[in-house]
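> Listed here are the chains, written in short residue letters.
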Amino acid sequence: MSLKENLHNLKEKYRGTKMAPAFNAIHTFLYLPNEVTHGGTHIKAADDLKRTMNIVIMALIPCLLFGMFNAGYQHYAAIDGSLRDNVIANFFTWDNLWIGIIKVLPLVIVSYGVGLIVEFIFAVIKGHEVEEGYLVTGMLVPLIVPIDTPLWMLAVAVVFGVVIGKEVFGGTGMNILNPALTIRAFLFFAYPTWMSGDKVWVYDAVNRTGTADAISGETILGSYAQNQEVIYSNWDKFFGFIPGSVGETSTFLILLGAAFLIFTKIGSWRIIVSTFIGASVMGLIFNGIVNADIITDSSKFYGLMSTNWWEHLMIGGLAFGAVYMATDPVTGSQTNKGKWIYGFLIGFISIMIRVFNPAYPEGVFLAILLMNVFAPTIDHYVVQGNVKKRLKRVTVKTA
Amino acid sequence: MALISKKDAALIKDPFLDNNPITIQVLGICSALAITAELKASIVMSVSVLFVLGLGNVVISLMRNIIPSKIRIIVQLIVVATLVIIVDLVLKAFAYELSKTLSVFVGLIITNCIIMGRFEAFALGNGPWRSFLDGIGNAVGYAVILIAVGFFRELLGSGTLLGFKVLGDPIEKTGLYAIGYENNGFMLLSPMALIVVGIIIWIQRTKNTSLIEEN
Numbered sequence: 001m002s003l004k005e006n007l008h009n010l011k012e013k014y015r016g017t018k019m020a021p022a023f024n025a026i027h028t029f030l031y032l033p034n035e036v037t038h039g040g041t042h043i044k045a046a047d048d049l050k051r052t053m054n055i056v057i058m059a060l061i062p063c064l065l066f067g068m069f070n071a072g073y074q075h076y077a078a079i080d081g082s083l084r085d086n087v088i089a090n091f092f093t094w095d096n097l098w099i100g101i102i103k104v105l106p107l108v109i110v111s112y113g114v115g116l117i118v119e120f121i122f123a124v125i126k127g128h129e130v131e132e133g134y135l136v137t138g139m140l141v142p143l144i145v146p147i148d149t150p151l152w153m154l155a156v157a158v159v160f161g162v163v164i165g166k167e168v169f170g171g172t173g174m175n176i177l178n179p180a181l182t183i184r185a186f187l188f189f190a191y192p193t194w195m196s197g198d199k200v201w202v203y204d205a206v207n208r209t210g211t212a213d214a215i216s217g218e219t220i221l222g223s224y225a226q227n228q229e230v231i232y233s234n235w236d237k238f239f240g241f242i243p244g245s246v247g248e249t250s251t252f253l254i255l256l257g258a259a260f261l262i263f264t265k266i267g268s269w270r271i272i273v274s275t276f277i278g279a280s281v282m283g284l285i286f287n288g289i290v291n292a293d294i295i296t297d298s299s300k301f302y303g304l305m306s307t308n309w310w311e312h313l314m315i316g317g318l319a320f321g322a323v324y325m326a327t328d329p330v331t332g333s334q335t336n337k338g339k340w341i342y343g344f345l346i347g348f349i350s351i352m353i354r355v356f357n358p359a360y361p362e363g364v365f366l367a368i369l370l371m372n373v374f375a376p377t378i379d380h381y382v383v384q385g386n387v388k389k390r391l392k393r394v395t396v397k398t399a
Numbered sequence: 001m002a003l004i005s006k007k008d009a010a011l012i013k014d015p016f017l018d019n020n021p022i023t024i025q026v027l028g029i030c031s032a033l034a035i036t037a038e039l040k041a042s043i044v045m046s047v048s049v050l051f052v053l054g055l056g057n058v059v060i061s062l063m064r065n066i067i068p069s070k071i072r073i074i075v076q077l078i079v080v081a082t083l084v085i086i087v088d089l090v091l092k093a094f095a096y097e098l099s100k101t102l103s104v105f106v107g108l109i110i111t112n113c114i115i116m117g118r119f120e121a122f123a124l125g126n127g128p129w130r131s132f133l134d135g136i137g138n139a140v141g142y143a144v145i146l147i148a149v150g151f152f153r154e155l156l157g158s159g160t161l162l163g164f165k166v167l168g169d170p171i172e173k174t175g176l177y178a179i180g181y182e183n184n185g186f187m188l189l190s191p192m193a194l195i196v197v198g199i200i201i202w203i204q205r206t207k208n209t210s211l212i213e214e215n
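First to last, the protein sequences are chains A and B.
The C-terminal residue of the first sequence carries number 399 in our numbering, and the numbering is unbroken.
The C-terminal residue of the second sequence carries number 215 in our numbering, and the numbering is unbroken.
Honestly, the hints are just simulated from the structure, not real lab data.
C-beta: ideal position from N, C-alpha, C; glycine also.
There could be a bad hint or two in this list.
[Claimed, not checked] With a straight-line cut-off of 30 Å between C-alpha atoms, the simulated BS3-like cross-links for lysine-lysine are:
(1) B:Lys207 x A:Lys18
(2) B:Lys207 x B:Lys40
(3) A:Lys126 x A:Lys18
(4) B:Lys207 x B:Lys6
(5) A:Lys126 x B:Lys40
[Stated by the list, open to error] A few chain B residues that face chain A, going by a derived Cβ cut-off under 7 Å, partial list only:
(6) Cys30
(7) Gly180
(8) Glu182
(9) Asn184
(10) Gly185
[To be verified] Listed next, with one range per pair, are the computed distances between beta-carbon atoms:
(11) B:Gln204 x A:Leu151: 28 to 36 Å
(12) B:Gln204 x A:Leu30: 33 to 41 Å
(13) A:Ala155 x B:Val166: 19 to 27 Å
(14) B:Thr174 x A:Gly113: 53 to 61 Å
Model the full structure from these sequences, guided by the hints.
Structure representation (structure tokens):
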């Protein structure tokens, strides 16, 4: 008997019991159900929740693969700086990929394993089908944490994020906050020493602290925040040959992913574009302040304020957040006008946090979480504004 | 004859679970968030509230027939304020360090909604003995939540309980810290106290579904 038949029989055996959703989920995840609707089905849409999720995951795969190579590259380049002279030759090597496999894959496995266990438990308790909501979150989480994050911390954070960020509100589709960012925020506030500073972004940097071959892996944002020179060229920043969270370094691949998401109409181009516009505006304001000599280079804000506005778009997690996090259809704004406002404020606030909080220069996840909370309010006023406008039109005509 | 009749016993028992001042009436949340980062502070706060509420309920109950109803809030405030000042001075005299940790929150017992709530809702209409039991019951109900929250926040946030390093020493890397465990800094921040109280409310209402409010 095939695996499919076995699963089908298990499903039948447990039908109506508490464990039914668990077996049902395994079965439908791997195969088409044995029984399908006959006749009178009028809605034929291929893009159900599972398909939508899978498309986002496909858009994330390049970032993941790049992140695995980058994990090794940053590790070896931190030991031997001459590797940076010829990035192309030294980047796609088996040694780099190997470090990616031993460091990044466990993050992915823990993220999915723990998250899906929590989802299964809640599905069994509540007696509904297992929801697909975690499929994307589980892939996003490993991409937005530092490479050396201890696995148990990730597991604790995933439990917290899925339970408090999603399940207490009623599960997939009911959550106010983006679960992946809730997980990231939990890690950030719970274990700040592991989530910032110059030791966590490059594999093995923590263990080498204080030894003869100590390596430093400060991120670009961290360097700018301390008014330090940065050794990376703009092309490095754009293509992502820089230290950072696992999968967010390559702006190029993120933009490819964005194009894919916009083409398949999964991601909202309005949110992506307006986020970049918001970030540019804030960056231009800061550049203007520096150019007008309002602050001097002795100011602690000088490093990040004087960073060119277009550079802000390539460094840190801004692009990743704009494309994969802000566009979450559940937690973002729903109305078209609302999307413009929502995205613009995300970009605007991200750069503001980045500059004014040099201790923790990455502000994009806080900005998105904040705007997640405000998204329903924005929608409310957009809808009310529209109602008012139309009412006015009605009264004019009747008068 | 039993020391406490069945009806009176309910005064103590009800606020403990099914009519808990924090999780059901959602009163006194501010102090539950502010001072529960340490277990010791939670305990001292609980004892202070126990003293103020128990005694205050008796005093108000004794005076209930002579307080003109128009100025009853002022009278109640004076009674609470007097008791709170006693607590504050005792703490400053015998536990100065602790009174500094609690800082303004001892003074703010005056504004703790539980106390005014019990004066208004119970002591003004019942005899001193029943009022005393009601005060004790509500203060214990408050204390249980405060101590539970304080326990988890101190254990997970600082790795200590009442100042004892129960999980090992984070600097010398003994105990759990030897295998890579780290304190959860989020636990020490107020938002986490709200989440812990929320989780307690969640568990309680799952166990007893009759407590769930209608929308």
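> Each hint needs a verdict: does it hold in this structure or not?
Hint by hint, here is what the structure shows:
1. A distance of roughly 18 Å separates the Cα atoms of Lys207 (chain B) and Lys18 (chain A); the hinted pair therefore holds under the 30 Å criterion.
2. With a C-alpha separation of about 29 Å, the suggested pairing of Lys207 (chain B) with Lys40 (chain B) holds against the 30 Å cut-off.
3. Between Lys126 (chain A) and Lys18 (chain A) the CA atoms are separated by roughly 9 Å; this keeps the pair inside 30 Å, and the hint holds.
4. Proposed proximity of Lys207 (chain B) and Lys6 (chain B) is supported: the alpha carbons are some 25 Å apart, at most 30 Å.
5. Proximity of Lys126 (chain A) to Lys40 (chain B) is assessed by CA-CA distance (about 38 Å); at most 30 Å being required, the pair is judged violated.
6. Against a cut-off of 7 Å between C-beta atoms, the interface hint on Cys30 (chain B) is violated, since the closest Cβ of chain A lies about 21 Å away.
7. Taken as an interface hint, Gly180 (chain B) checks out: its beta carbon lies about 6 Å from the nearest beta carbon of chain A, inside 7 Å.
8. With its C-beta approaching chain A no nearer than about 6 Å, Glu182 (chain B) sits inside the 7 Å limit, and its interface hint holds.
9. For Asn184 (chain B), the suggested interface contact is upheld, since its CB lies about 4 Å from the closest CB of chain A, less than 7 Å.
10. Taking 7 Å as the C-beta cut-off, the interface hint given for Gly185 (chain B) holds, the closest approach to chain A being about 5 Å.
11. Between Gln204 (chain B) and Leu151 (chain A) the C-beta distance comes to about 33 Å, which sits within the given range of 28 to 36 Å.
12. Distance hint check for Gln204 (chain B) and Leu30 (chain A): the Cβ-Cβ separation is about 39 Å, which falls inside the suggested range of 33 to 41 Å.
13. At roughly 22 Å, the beta-carbon separation of Ala155 (chain A) and Val166 (chain B) lies within the given 19 to 27 Å, and the hint holds.
14. A beta carbon spacing of about 30 Å between Thr174 (chain B) and Gly113 (chain A) contradicts the range 53 to 61 Å that was offered as a hint.
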